[in-house]
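Enquirer: Residue numbers (the working numbering), protein chains in the order written: chain A, 1 to 380; chain B, 1 to 380; chain C, 1 to 339; chain D, 1 to 339.
Just so you know, these hints were derived from the structure itself, not from any lab. Quick caveat, the model's predicted, so the values are computed rather than measured. Don't take every hint at face value.
Claimed, not checked - Pair by pair, the computed Cβ-Cβ distance ranges are:
| id | chain 1 | residue 1 | chain 2 | residue 2 | range |
| --- | --- | --- | --- | --- | --- |
| 1 | D | R209 | B | E332 | 42 to 48 Å |
| 2 | A | P16 | B | A313 | 55 to 61 Å |
| 3 | C | E215 | B | E355 | 31 to 37 Å |
| 4 | D | P206 | C | E215 | 46 to 52 Å |
| 5 | C | G58 | A | R70 | 57 to 63 Å |
| 6 | A | A92 | C | S18 | 49 to 55 Å |
| 7 | D | P206 | A | N375 | 37 to 43 Å |
| 8 | C | G122 | B | Q68 | 56 to 62 Å |
| 9 | B | P93 | D | E65 | 25 to 31 Å |
| 10 | B | N375 | D | R209 | 45 to 51 Å |
| 11 | D | S18 | B | V335 | 55 to 61 Å |
| 12 | D | S18 | C | K123 | 57 to 63 Å |
| 13 | A | K160 | C | K123 | 19 to 25 Å |
All C-beta atoms in this analysis are idealised placements derived from N, C-alpha and C, irrespective of residue type, glycine included.
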Amino acid sequence: MSLNVENPSLTAVLAPPPLRLIDDQGRAVPQHESGGFRLPTVETLLDLYRQMVVARRFDVQVTALTRQGRLATYPSALGQEACEIAAVASLAPQDWLFPTYRDSIALLTRGVEPKDILASFRGDWHSGYDYQQHRIAPQATPLATQALHAVGLATAAKLKRDDTVALTLLGDGATSEGDAHEAFNFAAVWQAPVVFVVQNNQFAISVPLDKQMACRTIADKAIGYGMPGYYVDGNDVAAMYAVISAAMDLARSGGGPTLIEGLTYRIEAHTNSDDPTRYRTTADVDLWRGRDPIERLEKYLVSQGALTEEVRASILADAETLATTTRECMTEQAVIDPLELFEHVYSTPRSALAEQRAFLATELDGDAAASAIANEESAR
Amino acid sequence: MSLNVENPSLTAVLAPPPLRLIDDQGRAVPQHESGGFRLPTVETLLDLYRQMVVARRFDVQVTALTRQGRLATYPSALGQEACEIAAVASLAPQDWLFPTYRDSIALLTRGVEPKDILASFRGDWHSGYDYQQHRIAPQATPLATQALHAVGLATAAKLKRDDTVALTLLGDGATSEGDAHEAFNFAAVWQAPVVFVVQNNQFAISVPLDKQMACRTIADKAIGYGMPGYYVDGNDVAAMYAVISAAMDLARSGGGPTLIEGLTYRIEAHTNSDDPTRYRTTADVDLWRGRDPIERLEKYLVSQGALTEEVRASILADAETLATTTRECMTEQAVIDPLELFEHVYSTPRSALAEQRAFLATELDGDAAASAIANEESAR
Amino acid sequence: MSPQQTLETGTAVRAPESLTMAAALNAAIRDAMVDDPTVVLFGEDVGPLGGVFRVTDGLYAEFGETRVSDSPLAEAGIVGTAIGMAMYGLRPVVEMQFDAFSYPAFQQIVSHVAKMRNRTRGKIPLPIVIRIPYAGDIGGVEHHSDSSEAYWTATPGLTVVSPSNPADAYSMLREAIASDDPVIFMEPKSRYWSKASLALPVQTEPLNRAVVLREGTDVTLIAYGPTVKTALATAEQAVAEGLSVEVIDLRSLSPFDDETVGASVRKTGRAAIVHEAAQFGGYGAEVAARLTERNFFYLAAPILRITGFDIPYPSPKLEEYFLPTPDRILAALSTWEWS
Amino acid sequence: MSPQQTLETGTAVRAPESLTMAAALNAAIRDAMVDDPTVVLFGEDVGPLGGVFRVTDGLYAEFGETRVSDSPLAEAGIVGTAIGMAMYGLRPVVEMQFDAFSYPAFQQIVSHVAKMRNRTRGKIPLPIVIRIPYAGDIGGVEHHSDSSEAYWTATPGLTVVSPSNPADAYSMLREAIASDDPVIFMEPKSRYWSKASLALPVQTEPLNRAVVLREGTDVTLIAYGPTVKTALATAEQAVAEGLSVEVIDLRSLSPFDDETVGASVRKTGRAAIVHEAAQFGGYGAEVAARLTERNFFYLAAPILRITGFDIPYPSPKLEEYFLPTPDRILAALSTWEWS
Ligand SMILES: Cc1ncc(C[n+]2csc(CCOP(=O)(O)OP(=O)(O)O)c2C)c(N)n1
Ligand SMILES: Cc1ncc(C[n+]2csc(CCOP(=O)(O)OP(=O)(O)O)c2C)c(N)n1
Ligand SMILES: [Mg+2]
Ligand SMILES: [Mg+2]
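Start from the sequences, fold in the hints, and give me the full structure.
Expert: Written as structure tokens, this is what we have:
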């Protein structure tokens with residue numbers, strides 16, 4: 001598999017073209033080239049469009065806040081909206097999502113409040129939303145580890161005869177980890193109702209795909225586990241949605257796991273502390289800017305007469321409202337009690353932790369007393 | 001992939017038949033069914049036969065010694081001789097072998113003395129042969145870990161422009177480990193001169209293949225790494241030898257890694273402490289006894305007039321000589337100095353270890369003195 | 001066997017029978033599974049084979065594939081999927097076949113099992129039991145005799161326990177399965193075949209408490225898992241030397257029962273800790289350090305550690321030189337100045 | 001920059017320049033690669049990017065793909081292949097991107113890197129350096145601030161070191177690469193940007209020795225890596241309180257320099273160890289236990305451990321409450337009875 005996507009002849013020799021339902025120019029792909037998948041309805045696509053636009057606005061806003069130093073870190077998904085939104089849109093309410101650090105817009109799309117998403121990135125606590133309510137696991141940092149959690153949860157649901165499916169997002173780099181392999185294999189052997197969506201953004205931080213794997217496509221890996229695999233244009237939300245939804249249905253009906261690769265690109269740096277000019281050219285980035293998933297769908301929707309100026313304006317207004325909410329939530333300082341550090345490590349109380357908590361409490365009291373005295377003195 | 005090999009219709013649906021050059025009845029497979037591989041010469045096959053017979057005699061002998069409680073443990077490879085011997089026979093002198101606990105007969109075939117093979121199984125030391133001389137890594141117990149070592153060594157050889165190839169043996173169960181995946185992937189990305197030979201004996205201790213993986217064949221896994229994969233009848237030494245040799249040539253000429261699956265069966269228990277009646281039927285074992293790799297080749301060689309009674313007698317004599325050597329080496333007690341415990345942990349001396357060594361030395365002296373006194377007393 | 005009374009757990013009390021530790025562990029899992037349909041068991045060879053040490057013998061036959069299953073051979077996979085199951089309300093009991101084979105699961109254990117509850121502000125507890133047969137003295141080949149407790153006890157978020165006898169094995173495992181916290185349950189291999197007469201379901205001391213197994217006045221000997229037997233033998237042997245040895249079985253390694261052990265040390269003024277693992281950075285360091293910190297002015301002598309040497313666990317023919325013995329322990333105690 | 005003399009290593013002495021610890025580490029790898037063609041470097045993002053901390057900056061450009069390379073993203077793979085390379089005569093230097101991301105390599109490190117030499121009776125040494133950026137105080141999100149030293153120091157067969165300043169960073173890394181033993185080289189992230197003026201190639205104390213960084217008479221304060229700075233600040237602050245603090249930088253965690261540290265403790269009669277990792281089962285336990293064992297009758301008070309709490313490393317906004325500070329250290333010292 002080659003990173004060198006500008007060279008279509010090379011890519012063509014090595015891998016089949018990814019599945020598309022809407023092409024680069026925003027035109028519907030002929031039925032016979034669509035691998036048996038059907039283009040979602042215009043209503044569905046319009047909804048996906050709205051979610052992508054809102055998600056991007058959020059992403060851009062948070063990136064800006066991060067540049068201002070207001071967040072500890074933020075991994076942007078700019079350019080990957082089609083994968084992220086299609087994944088979330090394919091979930092039924094009872095399904096679970098297992099995201100990574102990169103998938104904040106997936107959380108947003110599933111209804112998590114900006115302030116709760118940002119809690120971890122601004123350093124308040126390691127993770128900050130209601131997992132049960134949203135049915136979203138904490139965003140995972142240790143790569144590919146969450147894929148196993150997804151398989152376990154899906155298997156538990158199957159054992160309980162619930163019709164819950166788990167969907168997990170992974171990066172291309174993460175597929176190299178042993179945990180990814182074990183997750184794929186356990187899922188296939190146990191016929192777990194789980195869907196693996198690999199966002200192949202062609203880089204693991206600075207490492208390009210051809211130093212990461214030598215297979216034609218990531219989807220090919222599915223063969224070695226005995227599950228279906230799909231190689232999809234990850235900037236075509238229609239295709240991603242159609243394929244993921246089909247996989248969810250398959251899983252829900254007892255058909256086991258599916259591996260889906262969405263070929264896409266990360267437009268922003270890996271995180272704010274990354275310098276992508278060290279490992280890729282502006283030309284490469286520009287090429288992929290030109291393949292923008294939102295613009296592509298926009299062309300299609302406009303061509304269908306579905307995206308009127310009115311609708312567009314209302315979507316943009318939604319996006320702006322969200323951006324405002326996002327900025328505003330950063331002005332409220334979360335109240336974090338240092339003594340909470342000791343609260344959640346165990347459910348069974350431990351005397352040693354109680355001692356350490358008491359120690360910190362005394363220290364804090366001392367500090368408070370000291371600063372009270374200092375304040376008094378300076379007030380004099 | 002199904003364990004239920006008695007049901008050919010099922011297997012046939014799920015997987016292609018494994019590659020064979022000599023069939024169950026000892027007949028050469030027609031050229032057009034041999035996947036482009038050529039039957040080795042009769043001389044080569046006769047040599048492989050001799051090595052298999054000798055190896056089996058060793059294995060039977062060691063199993064007997066183990067039953068007598070003379071070894072801590074011994075994992076037998078009875079029934080898997082075609083894989084083991086074909087692998088070793090495909091090695092050039094400069095090549096390295098990375099075996100597991102199960103592959104003692106591979107060591108034997110590469111020239112390691114019985115006493116040096118058995119050092120670890122009788123509990124003298126963790127491993128006991130000359131690695132550099134034989135170019136064999138220590139037999140690995142933590143599953144699949146050695147596959148990564150093989151890839152590393154092969155890559156080092158490539159960097160040094162040596163024409164060394166590394167071959168590693170793995171079990172079917174071991175392919176489930178994350179390390180196997182990482183080894184396959186590193187090898188493919190780095191185009192390392194390494195050959196992976198998976199002995200699919202259809203069990204990982206008690207766990208049958210269908211609880212281990214859901215793919216058609218283990219060889220299929222190669223697709224997901226972008227390397228060639230071969231599904232071979234692991235009881236046909238001719239096919240195993242032809243395929244492994246071709247893979248070694250490919251690796252040596254810069255063509256990168258190959259994954260080879262040999263479908264075989266472990267006739268004995270997993271180790272002497274295993275009770276296989278708990279997880280498989282005698283009928284199953286008998287079925288596979290009937291597919292014996294040595295008998296199959298014997299039929300072929302006899303049909304070719306290559307295995308005369310004279311030759312057979314000389315081979316059996318060789319085997320008996322080896323069995324005798326093996327029994328005899330068990331009567332010599334290896335001299336193991338407890339103080340050697342501290343010798344090899346680090347190359348840089350450590351005062352704490354020197355102290356502990358001195359402590360043990362004093363203790364041993366004390367014991368010696370005490371038993372000397374006791375002896376004296378009892379002599380009085 | 002007539003039911004005598006129904007405990008809270010719903011398990012009837014059975015007549016006393018002679019049970020090995022392996023059988024007691026087996027009974028504990030079985031009873032927990034009967035009482036609580038959310039308890040599931042999986043791992044390598046735990047199904048039809050009943051585990052390489054037969055701890056799960058018969059459970060597959062009794063509970064079937066949905067509750068007891070052989071997993072693919074991958075330890076990170078086992079622990080990682082157990083995490084997902086626990087997130088969905090199950091209580092997985094998983095087995096690492098031998099101690100050293102828990103290492104592939106290290107990341108899942110340290111970065112997730114130990115931290116999930118804290119990460120989620122208590123919202124995702126992980127009631128998982130990870131059973132690890134550990135330690136040596138069974139003539140095992142390399143990688144089959146490791147003592148890995150120090151890795152787990154150094155990890156905040158884990159509860160680490162080790163029974164030394166069949167009664168505790170039963171009681172502690174039941175409590176571990178019932179706990180909402182993840183528990184690393186370390187089973188001393190060399191004690192699997194030790195026997196006791198038990199009327200199940202037996203309940204011993206709470207999971208987080210140490211017990212004084214034998215009272216004494218001169219020295220506190222602290223042990224756990226496989227070395228408890230050694231410590232008791234030492235105490236017996238010490239009588240002849242006029243030494244009164246108090247023996248403590250820690251049972252819980254993390255948390256450490258400061259109260260029970262501290263009281264003993266303050267009484268005797270001398271203490272030694274015995275374990276199989278290497279000394280440097282071993283669990284005994286924590287025991288010695290914290291007891292000294294908290295009871296320094298009661299101590300007549302430094303706390304000693306009688307442990308394995310700072311080397312990898314040796315091959316079968318050499319393990320006798322490695323393992324702490326009563327003689328070695330008594331010799332160590334005699335290095336103290338006894339004024 | 002004019003060559004002044006050619007050392008044994010073949011590296012010319014350069015004029016003094018101001019270098020960060022990251023730059024000193026970079027120079028050490030570079031010089032080692034120039035001197036020894038068997039040194040190779042690989043890991044995640046160590047190539048064109050130069051590592052996420054830029055420790056390998058420029059090396060890919062200078063030495064090319066055959067000696068410096070980005071590997072697939074798999075830590076067991078990185079360490080496992082390094083083992084194979086070392087078996088074939090190379091000296092791999094590999095990077096674990098952040099401390100917690102060394103955990104997937106745990107089995108390869110503990111069961112092979114640490115044990116290969118012993119297993120083979122010295123016939124297969126493994127000259128591998130595993131660089132691990134560790135510890136916190138950089139406002140990192142979860143998993144980016146772990147202190148994992150206790151896992152490695154509890155493992156016989158590993159050498160574990162940690163520099164606290166640029167000069168040691170250079171010298172110790174050169175020595176680690178030259179060592180025939182595998183070395184876990186722990187780099188304190190928060191000190192990467194600390195500077196010193198150095199004339200490379202600089203050679204400081206031998207790899208296995210601790211150094212007394214500041215002499216004092218009342219207390220020995222023992223630190224390593226990130227907390228050395230804290231310890232020095234404490235000593236400075238203590239002057240005002242009339243307390244003379246001796247500061248020791250351990251440098252080598254395993255082996256432990258009993259001689260140097262023991263001498264100091266016997267002199268002062270009081271000691272405390274400072275580290276970021278949690279206290280329970282942390283490396284400080286070994287330090288306290290062994291110093292007490294060996295120097296009990298010189299001690300006027302128990303050895304204290306001023307460390308992180310027994311909790312997972314906290315989120316950025318809470319790390320200030322977790323990390324040992326001079327105030328906290330001085331407060332701890334004041335709990336001793338100072339007669
Ligand atoms: C086990 C582990 N190793 C290393 C890292 C450090 N790391 C964080 S993101 C990253 C690259 C991941 O690439 P990919 O999986 O393609 O996801 P992407 O960031 O492109 O979305 C690395 C190496 C980690 N988080 N976990
Ligand atoms: C990492 C690891 N986990 C578990 C084990 C225990 N174990 C030893 S052999 C074995 C089964 C291996 O099966 P397979 O790979 O098929 O090889 P076979 O024994 O059939 O040759 C298991 C589970 C181990 N050695 N290493
Ligand atoms: Mg990526
Ligand atoms: Mg097998």
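Enquirer: If a hint holds in the structure, say so; if it doesn't, say that too.
Expert: Here is how each hint holds up against the structure:
1. R209/D / E332/B: 42 to 48 Å: holds, 45 Å
2. P16/A / A313/B: 55 to 61 Å: holds, 59 Å
3. E215/C / E355/B: 31 to 37 Å: holds, 34 Å
4. P206/D / E215/C: 46 to 52 Å: Once the Cβ atoms are compared, 49 Å apart, the range 46 to 52 Å for E215/C and P206/D holds.
5. G58/C / R70/A: 57 to 63 Å: holds, 59 Å
6. A92/A / S18/C: 49 to 55 Å: With a Cβ separation near 54 Å, A92/A and S18/C satisfy 49 to 55 Å, so the hint holds.
7. P206/D / N375/A: 37 to 43 Å: violated, 52 Å
8. G122/C / Q68/B: 56 to 62 Å: Holds, at about 57 Å.
9. P93/B / E65/D: 25 to 31 Å: Given a distance of about 30 Å, which is inside 25 to 31 Å, the answer is holds.
10. N375/B / R209/D: 45 to 51 Å: Given about 47 Å between the Cβ atoms, the range holds.
11. S18/D / V335/B: 55 to 61 Å: Since S18/D and V335/B have Cβ atoms about 59 Å apart, the given range 55 to 61 Å holds.
12. S18/D / K123/C: 57 to 63 Å: violated, 49 Å
13. K160/A / K123/C: 19 to 25 Å: holds, 20 Å
Comparing the model with each numbered hint stated earlier shows that hints 7, 12 do not hold.
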